[in-house]
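S.K.: The primary structure of each chain is shown beneath.
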Amino acid sequence: MSSLQDYLLLSSLLFSIGLAGALTRRNAILVLIGIELMLNAANLNFIAFWRYSSTPAALTGIMFAIFSIGVAAAEAAVGLAIILAAYRHSKTTDLDQINSLNG
Amino acid sequence: MTLSFLVVATLAIAGTAAAMALRNAVHCVLALTLGLAGVAALYLQLDAQFVGFTQILVYVGAVAILAAFAIMMTHSPRQMESASFSPHWGLGSVVAAAVFAVLAWAIFLSAPSAQAVPPQPDIGVQQIGDALMHRFVLPLEVMGLLLTGALIGSVVIAMDRKEETN
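Protein sequences appear in the order of chains A and B. 1 is the number of the first residue of the first sequence in our numbering; add one for each residue after it. 1 is the number of the first residue of the second sequence in our numbering; add one for each residue after it.
Misleading hints may appear alongside valid ones.
Calculated from the model, a selection of chain A residues having no Cβ within reach of chain B, i.e. all distances over 10 angstroms [as the list claims (entries may be wrong)]:
id : residue
1  : 99
2  : 100
3  : 101
Derived DEER-like restraints, expressed as beta-carbon distance ranges [said to hold, decoys possible]:
id : chain 1 : residue 1 : chain 2 : residue 2 : range
4  : B       : 97        : A       : 95        : 19 to 25 angstroms
5  : B       : 61        : A       : 55        : 30 to 36 angstroms
6  : B       : 61        : A       : 58        : 26 to 32 angstroms
Reference listing, derived: stretches of chain B covered by chain A, where coverage requires no fewer than 3 residues with Cβ under 8 angstroms from a Cβ of chain A [stated by the list, open to error]:
id : stretch
7  : 2-13
8  : 90-98
9  : 150-160
Read the hints as simulated data drawn from the structure, not as lab findings. Beta carbons are placed, not taken as given, at the ideal position from N, Cα and C, and that holds for glycine.
Working from the sequences, and respecting the hints, build out all of it.
M.R.: Structure (structure tokens):
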């Protein structure tokens, strides 16, 4: 089995990929996906620290990850609904063209 | 670093990197499912079977499909013509690379304490259910409330209000 540092490095790489996507993409849905990837990296950290902790029977890391996945699902649903509403208003999901707050 | 870790990590990184780098948004979502399945395999490798299968159910099964539907519903010809990356993509990539450099530096700097892998924990679904129903019952209820509110709210936000205005 690999060491804790390998998992931490992997999750920081996942986080950076998600951050790069959220910063560089123009499609609002792909920006949301980038944010989901960052959440996934945090979940991987929770699970890795849980597995390498001295008291895995306390289940705290698992519970953190489960609740975090639930929050991420709620966030994805609300985010996509907002994107659909914005698309209906401005006929695009391009973030460079959605630049008006005027309803 | 074992071979299985390398294979699964390569799968996860390749899938997520393709999801953020491809030009066609539908291809991005398909690559995303691959990357998320790779992360689920990492959870399984870390002996967190319940979280791994939850990841497959929630992310691969629900979030990715939801994103695919949203991309197909918001598909417009005008958007295909425009570039898929923002004009400041170089700056964004530099920021992300700098974040990764700082994180990797901190990880390498941290003392490699307890290199020995702890024995495999004997955690079944029954223990997780017991914990959810006793120790974590308040967070569980709050999560149910949050999901209910979020789903009702997203339906209200995404609802077409043409009938009201007529």
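S.K.: Hints first: check each against the structure and report whether it holds.
M.R.: Verification of the hints:
no.: 1; hint: 99; in the structure: holds, 13 angstroms
no.: 2; hint: 100; in the structure: holds, 16 angstroms
no.: 3; hint: 101; in the structure: holds, 16 angstroms
no.: 4; hint: 97(B) / 95(A): 19 to 25 angstroms; in the structure: holds, 21 angstroms
no.: 5; hint: 61(B) / 55(A): 30 to 36 angstroms; in the structure: holds, 32 angstroms
no.: 6; hint: 61(B) / 58(A): 26 to 32 angstroms; in the structure: holds, 29 angstroms
no.: 7; hint: 2-13; in the structure: holds (count 5)
no.: 8; hint: 90-98; in the structure: holds (count 6)
no.: 9; hint: 150-160; in the structure: holds (count 8)
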